[in-house]
Amino acid sequence: MIGFVVQKEMRALWRDGRLLVLALSLCCLFAGVMAASAAATANAQSERDQVGATARAQWERQGVKHPHRAAHFGIYAFKPELALAAVDPGIGDQVGQSLWLEPHKRNMTRNRPAADAPPSARLGDTVPAFVLLVLVPLLIIGLGHNAITQERESGTLRMLNAAGLRGGTLLFGKWIALVLAVGIALLPALVVGAWLLAGAGHVVSAPRLAFYGLGLVVYYAVFAALTVALSARLRSSRGALMLLLSLWIAAVWIVPRLGAAAAGALLPVPTGEAFAAAVATDIQRGLPGDGDAASRSAAFEARLLAENGVTRPEDLPIGANAARRIFRDAYATRVYALHFGRLWDRYADQQNVLRVAGLLSPVVPMRGLSASLAGTDLAHQRRFEEAAETYRQYFTVLIDEWDLQARRGVVAADDKYANDAQYQAVAPFEYRAPPAAFAVVTAAPDLLLLFAWLAAAGCLVRWAGRGLRP
Amino acid sequence: MSVLSILRIEAARFAAHPVYRRVVLAFSLLLLASAVWSGIEARGYRAEVAVRHAHWEQAFDKAKAAAPERPAASTAEASRAVSAAYALGRGDLAATRLPATGALVLGLQQYQALPTAVLATVDSRHTDGRVTGPLGNPLLAETGLPGFPAIVVLLVPLAALALSAGMVQEDRERGVWRLVCAQCNVGLGTVFSAALAIRWAVVFAVAALCSACAFALDPGAAIAPLGAWLLGLALFTAFWVLAGGLLSLLPVSAGAALTAALGLWLALTFAVPAALAWRAERAAPMPSRLAAIVELRAVQQDTEERDTELLHAWYDRHPDDRPAPGLAPSRPAFPVTFVPRYENLDARMRPLMRRFDHARAAQAASIEEAAWLSPSLALMLWADRLAGIDAARYSRYIDAVDRFEDRWRAFFVPRIMSYRGVSAAELSQLPVFARDESARIDANDRDANDRDAMTEPSDRSATNEPNARSDATGSVLRWLLAACALMALLAVAGRKALVRP
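One line per chain: the protein sequences are R and Z, in this order.
Quick note, the first sequence lines up with residues 653 to 1122 if you use this note's numbering.
Quick note, the second sequence lines up with residues 9 to 509 if you use this note's numbering.
In case anyone wonders, no lab produced these hints; they're calculated from the structure.
It is possible that some hints are incorrect.
Reference listing, derived: stretches of chain Z covered by chain R, where coverage requires no fewer than 3 residues with Cβ under 8 Å from a Cβ of chain R [stated by the list, open to error]: (1) 155–168; (2) 276–289; (3) 445–451; (4) 491–498.
Only part of the chain Z face toward chain R is listed, based on derived beta-carbon distances under 10 Å [said to hold, decoys possible]: (5) 20; (6) 125; (7) 149; (8) 150; (9) 151; (10) 181; (11) 184; (12) 186; (13) 188; (14) 261; (15) 298; (16) 301; (17) 345; (18) 384.
Predicted model only: the values in this text are computed from it and were never measured.
Beta carbons are placed, not taken as given, at the ideal position from N, Cα and C, and that holds for glycine.
In isolation and in its complexed conformation, chain Z is listed as follows:
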């Protein structure tokens, strides 16, 4: 009897089992619903980005039409020009957005949960109370669908375990295994492996088709990340099918094997990730957002007390941008008195606020280090990376926002402080995030090294550790592969249990 015949027979046995058919049907329907949902949401997200881009262009054209033809020449003109320039400087033209990758469906929830559309400003964005991005009902955010990868992580193990755990015990309890032992002439290990292979193929095929469906619904999806995702998915499915197979070798009843499978699922999907999160929090504690409020207020108060000093210091540093005679009012007034204050405030607050991103990136790195303990977590991290919403890339996005905000200030602040305002011709030189910075977020190591040189050593370890990790592309996949190999080895070691009728 050839291996192919064994596979055929096992496939027929599998297809004839009513419980397995129901499990596969329910699994397929649920996963497909989630995939379609994610695909449609991703499509909606891209459409909204396109609408916002169109709005930006309209706003830009409007600003250009409203801008004076030439710089201000009198006090009255200067007053209007400064107000207009300040309004532009803190307006919506400074929009930034983390560019979505070709695997947006794998990380849409995170794109919506994190601030991925930060608004740069000549004020301080850290003291800005405006809400950008989606408003959401916190109850639905807490209860709602956790995104396609999380659904995969929850359902694929359950389907794999329901199909494979207790498989041998059930045959034994029904007296079928005795017949298999008696009739088998190719080795029970081959029969067992064929049964597991069939289960892997079914679960993987369903998950892969649903994934392809989700990607197909997203107009910006790409083939390469889909391939990478399927690779991770194949290994993940293999791990859980092998785990189920291993449990079915235990000398316990089918019910007990299923209960143990459920325990394993709970442990690897919830308990281990929670423990890893706790360990990561200990290794890189997240600073307190509340304590940051106190620090922010202290800096705000200090800059307010020193506003005159900061104003003079600014002019001392930029002698070329002192207002021309006849432009400035007799006594400097808002917004000129505010801008140097905000500049100073932001320079002092930025490192404080970046601590959160650094801690988040360091925690993600710590979790990734031990991801082999939980294949579910490893697949989530893989999905985040493919979707471009992992902690390292997000940190690079905030780096890009900071760089952009510096350029934005460099464009507006001298024009405000000199009372010249911004003319229509000058607006064509306006910094644009999508044009100037987006590409650099996904820049290679050279850019990261360039940043190394500009970063304080104390910040460097926290900032670049995740970058270094992201270079080790596929470390998550290696963990998944290692977990599969471990399960396979255990199954081989335990195959002697098969000979018991």
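For reference, chain R alone in the conformation it holds in the complex:
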């Protein structure tokens, strides 16, 4: 029986003309937004590659310098983006585009695109994910708000009831038909989107795409279920439309933002100055049980002299300053790891608070899943920054170890004795995005929440079907 209802509903939606108009509008809008986004992402990647290559060449050709000053010239790391980042840039605009790696310090990313954005950007980014996650639910509401109210207003619901059609069967049929209709409306847009992505030179990860598609189907099914169920419980089409629009506004605009605001208020993060001061204090005073910087340095110096059987740093058979730097930087790296770890953990905690808001809006888990699969979420960013930090330690230690062997005793900072061979010996920074499994595991709470929403939506349809009165 459900099959007949689905068939009839599909036919009605097609004859109504709304499906065609909305599908065409959506396809055009999505294609336009996708084309712009795919081109912008491809250009950005190409620019990152070019700038990365030029910056590397600048690093390799510094000429004769003091090796530590050469290390301070630094290396820039750029995060490569996945193809799906063109669909959902996620936090991309809010994190810096580059990470400057230099000795002694672990920096934060710099040059946030959001700081250069025009005033209109504060109203929302027009990206493909905006169409998929914000506008398509509106399409579902537009198509389905009168799914039952129209039957009631025109008197056909009474006839169907008299013919013995059960409310649950009718509602489940309408629900499936609505999801199928959205799928049909969206299919050309998605095909065009995939073609545009491929045309812009992106290689899409099939598992990520498959999970993205699964997430979207569940997400749309939730909205379709809410639409059909509320249409069944309300008397007029206008009333249903008003209520559904209110819910859409709350789900899309209000709940995620209030959730984010609550997360920020409940779990505040320090200011940049306070963060830097805490790091400096821990380096200076030492972590518990380590002693302060002066005592650590004195102990190291004494050990260094004793191990080499000399009484003055000037008599050391190795570079004294390089040895000191290796020791001091190793400690600073520990302190930075501790503080950055806490900061990223705090961000993750804030994300979990935001996920609680997902109990009130399916948009929250879907956005989390979308950004995770696109590689533009916090977890991917943290992974990149930690890889860059590991690389920073590698290249600064490599330079210092060369310096350690190249000179004896104390060398002035203005002496120049390193050349291009030393810089070229540093392997380039290469970062590969984690596999799809990483994204799926990271977004598992979001995925579970989406399925919970689906289950709840199914129960809602069942409940509305049972109480359906002509």
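Assemble chain Z onto chain R, guided by the hints.
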């Protein structure tokens, strides 16, 4: 039946409608929550600024106490004095901050998003990796509340459209409009206008009260910007109520009118601003931050290769600041060898980095030109201007930072290069941004013209175009007024639709 009676009846009809009551209640609660939030955040921001000011004073007193009584007289003293002076020169005493205006609640997010507390230095701030200002979770920045004006821009149209779009169609569908037509003896246009006026008054009253609440919570708020904001808000509300009224004249069902209203909201709030941003980007492309990295590194490398030459050139230009005999070590060392390098680097990097501010200002000007296409965007620009965080004022702040940094260098660099260091007495002449430059950010045209004379012609067009625009105070308001007038004219033209029962 007088107009007043019509207004009274329409108000009663409005109040009796359960859907309208729920819409107004939800709108009020959401807007009030946002207003209270913004007010509290603004209060916190000002408190933090006060704390930082107190820290600055403490740091200044500490620096003064630690500074030597007299300039260095021996090589050992000179070495310590130079290190101390260099540390001061790149320390926190060079803090600058864009002064918040009396309408901070309207632009707090932008104050936090843009670098509004730039730290000047004797090094180059363009190569400084330090983070100043708030650290933020990028996820929350992306998802979080967009600030009070943006919430107003999102919610006021929705409330206005929910109350007015489909208004006539619904009465027609319920058979009420037939009765109105039959009983009305003052003209249906008057009834329609009264209904719209009631809706405007309700939406505006809620938005105005919430705005006043936000301003009241901010201890630094001022009345004048509140008045200016309410004026813009009144016009903005009028536009959307008139748009809703216009849609309710269309020969379609109430549901269709509401759907169209939503389409209009999406178009004017998201699509048109996005299109204007795209047009602005085409007109004044934002330079690449990544490409700037390459340029920065090229300049860094060049100055490093020429450090000795730059050192000698500096002494040639400042013969009076050569170190006195017996002060300098036999071979110049850090930081003396670094300071001329940084000076040269900054002089070359500054114009490159200012391109971003100029492009941002030019884009904002381009968007403002066409703001009449989107009242939502026009109100956002109005809020930015009142909050003092518009592109033109921000550009003036960076001008002030540059001027301050020049004075800061002029104070420290000769004292470092001459190995004299900074004595306690000299510290009282230390340049202070809040005292020396803050007031000039909001200086009048004369100052802008003075700057014209000092600016390269190629830079002038980009720098001063926004200033010229900011002189045309209220251009945004004029756009809003024009949009309202257009809507009113369309409604008058379409009033014949009212006579259909």
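Results for each hint:
no.: 1; hint: 155–168; in the structure: holds (count 5)
no.: 2; hint: 276–289; in the structure: holds (count 10)
no.: 3; hint: 445–451; in the structure: violated (count 0)
no.: 4; hint: 491–498; in the structure: violated (count 0)
no.: 5; hint: 20; in the structure: violated, 21 Å
no.: 6; hint: 125; in the structure: holds, 9 Å
no.: 7; hint: 149; in the structure: holds, 4 Å
no.: 8; hint: 150; in the structure: holds, 5 Å
no.: 9; hint: 151; in the structure: holds, 4 Å
no.: 10; hint: 181; in the structure: holds, 8 Å
no.: 11; hint: 184; in the structure: violated, 14 Å
no.: 12; hint: 186; in the structure: violated, 18 Å
no.: 13; hint: 188; in the structure: violated, 18 Å
no.: 14; hint: 261; in the structure: holds, 8 Å
no.: 15; hint: 298; in the structure: holds, 4 Å
no.: 16; hint: 301; in the structure: holds, 6 Å
no.: 17; hint: 345; in the structure: holds, 6 Å
no.: 18; hint: 384; in the structure: holds, 7 Å
Hints 3, 4, 5, 11, 12, 13, counting from the list given before, are not met by this structure.
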